[in-house]
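Heads up: the sequence lines are chains A and B, in that order. Just so it is clear: in the first sequence, position 371 is 1312 by the numbering used here, and no numbers are missing. Just so it is clear: in the second sequence, position 166 is 168 by the numbering used here, and no numbers are missing.
Just so you know, not all the hints are guaranteed correct.
To be verified - Looking from chain B toward chain A, a few residues come up when the C-beta cut is under 8 Å (computed):
{"no.": "1", "residue": "Y98"}
{"no.": "2", "residue": "V99"}
{"no.": "3", "residue": "V115"}
{"no.": "4", "residue": "A166"}
It should be emphasised that the hints constitute simulated quantities derived from the structure, not laboratory data. No residue lacks a Cβ here, since even glycine has one placed at the ideal position from N, Cα and C.
Now for the letters of each chain:
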Amino acid sequence: MKPRRLLNSLGGRIVTLFLGLLLAVQGAGFFAIRQSIDANARAQLADQLAVGGRLLDRLLDQNAQQLAQAATLLAADYGFREAVLSDDAETIRSALDNHGARIGASVVALLGLDYSLRAAGGQGAAALAPLRERLAAAGPAARPPAKGQLALVDGRPFQFVVVPMKAPLEIGWVVMGFAVDQTLGDDLRALSGLHLALLAVPPVGAPRVALSTLPVTAGAALAALPAQGLAEFEHGGETLESRVDTLADTPAGALRAVLARSVDEAVAPYRRLQALLLVITVFGAGVFAVGSVLTARRVTRPLQALVHASRRLGQGDFDTPVAGDGTRDDELGELAQAFDGMREVTQRRLYLDDLTGLPNRGQFARRLAQAIEAGPAAVVMLDLDRIKQVNDQLGYQMGNRLLVCVGDRLRRLPLADGAVVARLSGDEFALMLPGADRAEAERAADAVLVVLEQPVRLDDSVVDVAGGIGIACAPEHAASAEALLSRAEVAMYEAKHRRAGRLSYQAEFDSGSATTLTLLGEMRRALQQGELRLFVQPKLHLLDAGLVGAEALVRWQHPERGLVPPLQFIPFAEETGFIHELTLWVVDEAARLLARWQGEGLLPRLSVNLSVHDLMKADLVERIDTRLQRHGVPAQALCLEITESAIMNDPERALQTLRALKGLGCKLSIDDFGTGYSSYATLRNLPVDELKIDMSFVKAMEKVPKDAMIVRSIIEVAHNLELSVVAEGVENGAIWQQLAALGCDEAQGWHIARPLPAAEFEAWARSHRAAPAQTAPALPALHTA
Amino acid sequence: MLAAGGLAHATAVQVLVTGSSGQSLTDAVVMFEPAGGAKPAIKPPTQVEIAQQGRRFVPLVTVVPVGTKVQFPNQDTVRHHVYSFSPAKKFELKLYVGKPESPIEFDKPGIVVLGCNIHDTMVGWVVVADTPWFAKTQAGGRALLADLPPGAYTLRTWHPDLPAGMPAAEQAVTVGAAAAEFTARVNVAAK
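Chain A with its partners taken away, still in its complex shape (with noise of 0.2 Å):
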């Protein structure tokens, strides 16, 4: 099978389609989903941010609150306030100092009731200044908020504490600074996952990092965002997306928080799922495509199947069951069943006659055939009797009935094993019997005969049936199928024609008188081969032996026998329906004759024979029309003469084909009148020209009265209808005077000619033509008006 292109074939096409669809609803849905996450992850991301920004909030609370129970721990120490309070500056800076590093303060101070500065310790003092500020600023009775404050020192982030000192009233403040370190962002990393930076900002110059949990080279990143809300940058090739807090602003400088979370962090689980998402696309893809070309094939393995099968039913071959193992039940399995019950049909048409189921001719020479093989073989051949009889005068179906009847009969014969009984045309039958030698086939005959004793009963109707029988052995009487079914045949018709019930084949059956296949077969071969001749037998008016016409006859000119007698192959030709092929032969001939002796006007009109077989031919006007147009001659130049017995053989048909002839133009001539069946009512019915007088009353006339009164009578009837008359058989001068004194109108007969081959008649049609009183031996003085 020629390879196609994808898309030409419905697999391909089925798998195209499919996988397609699929990939698009995939890669749609893929897409979607991925543009979803996308907008999910930074959704989330600034949640998570804000989320971070209280985070941060709790923590310095957090921070916040433990230092100053840290602080509020040392303050309330007794030996803390011992030095504190005394009055030695030197002792409570040192004391400041010492409990201060004991809880890592960087910054210790004390503060009086209304804030100022009574002594600090550590570093930074300074930064306390606007812190103190702030805080007496509030007012006198406002105390120190519990939450941390933030403020920077020298450029970095302090969280301060602000913790009253009782002794056992509050008798001052004591003020502790922690350093803000990376714990606070390692801490915040920790619990959110993202990153915490702290930019200290100075009131003249750029954003300085004071803390960050992202590496040194992310500063110039950090500083360049803007001092408050969500913004994008890039670090390290990764975006992050990041939130700006302002957490404390004094004249000292601006404390800035940046949280910051890397966006493809964030996104990474779902990219994970997206990668996931994506394998599994193309994983379904590819066992999708895997099933889709299963499946394809599923439907296309079948129809291939079928494809081939129906190639090989076209290619004749009726004997292979359709694929498919009618397993499947469906649409595929029903197809092939449906497939294989034609085939079954189609080879049962080949191989059984429609009407009998027996085997058609072609099984039984294939079995024939296979027999042989084996071994010997014989064949019994069956031809019955007036089955035609039957259909004209029950009809058809009966006659089909009988039909089946007779091979019922056949078939329920006890015959060996590997018989066959089969119909083999029209009314033969013929049984194949392997193995069988010659008296073993002539005993099947016999029983054959036997049971067709037995009469049919169709419905009211007893049928006698008859028949004859051919019997042809293998290898006796030939080695082929055909040969031997020829051989049987020619016993068969032998058979009939010599009403023997059943012969067997004999070699000189072949040869001689006898009706035989051979002859049908060299008969085709004369018609072939040129061996028919047209003789011409003239027609002479009685009046003045004008040449008015003249009888076309066909002879054989047989290679090894010479001229065969026309009695020894018309019969037979008309017994076998080869009478129409000669029949049209004739009639070509005739035209052919016509068109050179018309031209010349030499001849007017030349008739010739119609048989009952060219009367039901329903092809017969059309044919008749050919040749005479093929030759150019006129339909009126030919004349068709038939007798009474083929008319009334089926009068309506033959009246349908006459009328059409004379339609048609031709002349039409009853020949041999007087004799066979007939009835003046169909006589009056026909629209024929003429009539001839049967041979028989007019070579008895002259001796004979009754017959030269048959003869007076019907040229009275002729003439009373309007027909010329004919009389055939003039054998002397006598009777030529008799006839025409009884006003017949034209003669033929060895008289005038005997039927002559054509050139003979041309040679003969002229000198009459020149000299008519002598050209006719022996004519009577003619009336010369």
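With chain A fixed as given, assemble chain B onto it according to the hints.
Positioned in the frame of chain A, the structure of chain B alone reads:
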């Protein structure tokens, strides 16, 4: 002895101390300091005790003249660590029960706030007066001075609820021969 007045005259004076809302104040300390700055001789009392009872200083406010030696008996079963960081007297009595060996002498005028190191809520006051004429108001906000020589005085009024560091309220008064009642108003909000 005042030069102006004679032993013969000693006036009984009553002082009513009220807060900023006019409420009478208990435990307020009134001190009559002679105007002119003369300081009469003071004979400090001998048996002044500030006990610790039920984790409280009893009495809450004690007024003593300068030079008084005060005992601090601990009548609780728990020990107390009494201290003061007031500039007028810094001292501490480390964890003891019963009576400490030595009394504490208050030799400087001023307000001394007492506390206990292990009981943050214990607080007491010792007002060391620079004048023999002082009194503490009772419930009702009245303080009575029996023999106050007539003359001009600066009446200084102090209450523990005054914010720390705030000076006592001062007013000039004149004590006549007759018994008198003075009202002193201190800036103490009603509780």
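Results for each hint:
For B:Y98, the interface hint is violated, the least distance from its beta-carbon to any beta-carbon of chain A being 15 Å, above 8 Å. Using the Cβ-Cβ criterion of 8 Å, the hint placing B:V99 at the interface with chain A is not satisfied: the shortest such distance is roughly 19 Å. Taking 8 Å as the C-beta contact cut-off toward chain A, the hint placing B:V115 at the interface holds, the least distance being around 6 Å. Hint on B:A166 holds. Least Cβ distance to chain A is approximately 6 Å, under the 8 Å limit.
Of the hints listed earlier, those the structure fails to meet are numbers 1, 2, in rising order.
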